[in-house]
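Could you put together the complete structure from these sequences and hints?
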Amino acid sequence: MEQGSNSRPTESRTGNVWGLPLAMWVLVAALLLTLLLTPMVMRAMEFGVRWMQGAEAPKTEAAAPVNWPTPPATYVAETPAAEAPGLVATTRPLPTPTPIPLPAWEEMSYLTTIKFTDSVVVQAERTTALPWQLGNVVTDRLLLKAVGQVQIGVNLKQISNIEVDGDSIRFVLPKPEVISVELLPDQSQIYDSAQVIFLSQYAGLEKDALEQSRQLLKENVANNESMMDMAQKMARLQLADFLRQTGFDTVEITFR
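In the numbering used here, the protein residues as written are -16 to 239.
Hints are computed from structural coordinates only; laboratory data are not their basis.
One should not assume that every hint holds.
[To be verified] Here are the simulated distance ranges between beta carbons:
(1) Leu85 <-> Glu160: 22 to 32 Å
(2) Val104 <-> Phe238: 30 to 40 Å
(3) Lys158 <-> Ala87: 42 to 52 Å
(4) Val147 <-> Tyr93: 20 to 30 Å
(5) Gln178 <-> Ile145: 56 to 66 Å
(6) Val155 <-> Val179: 50 to 60 Å
None of the values given here were measured: they were computed from a predicted structure.
Even glycine gets a Cβ: it sits at the ideal position worked out from N, Cα and C.
This is how it looks when you write it as structure tokens:
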């Protein structure tokens, strides 16, 4: 009897805690666990959704065009367009180059290429015929040193055979010559003079001596080959430089 009465209170403690059935406690624990886990599950789901959205390949946007510097304008040959039916193709004429005007040769006269000072010594005499067939006697004598300025050049009015081909020109020039001889009285001097009294005809003798000096200076220079060659080279250089300044590139000059 005592053993049976002692076993009942033990069964009631295992099957009923704090007056509630065990099943009720299980339900309460499940609800509490659900309440605790629900926010965590929702956050995990939200994170998963965001991760899946972020894993998608982003759409590539078109790159903005780069503003490169504009290259300078260059000439581009025109290509003929396709001929339309019934139209006749025409060619555009090429522009005709403007010819280079020739110098006014007739207005240039002489071209001086060399100018220098030279001197000569001359002797002028005058004679008088004596009566009674005594012959001639020297009445006046003059020894003079004359100094003059000599100019050598070419006569541009005698240019011939002019040929122009675009920017090239060729022509024939006369050979250089003595253009002028200008005596310099201030630098000239009389070395000696002699007169015969009563027979003297000295008047004008100095003038004759100066003219003789002028002619002698001209002959000496004209017969000087090295001087004339130098004058020819200078004429070629001066004319070629002048014509290149007017637009010609090639200048051919022949001397005759």
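How the hints compare with the structure:
1. Taking 22 to 32 Å as the suggested C-beta distance range, the pair Leu85 and Glu160 conforms, at roughly 24 Å.
2. Checked against the given bound of 30 to 40 Å, the beta carbons of Val104 and Phe238, roughly 33 Å apart, stay inside it.
3. Against the hinted window of 42 to 52 Å, the Cβ-Cβ separation of Lys158 and Ala87 comes to about 22 Å, which falls outside the hint.
4. For Val147 and Tyr93, the hinted distance range of 20 to 30 Å is satisfied, since their beta carbons lie about 23 Å from each other.
5. A hinted range of 56 to 66 Å for the beta carbons of Gln178 and Ile145 is consistent with their spacing of about 58 Å.
6. With their beta carbons about 56 Å apart, Val155 and Val179 fall inside the hinted range of 50 to 60 Å.
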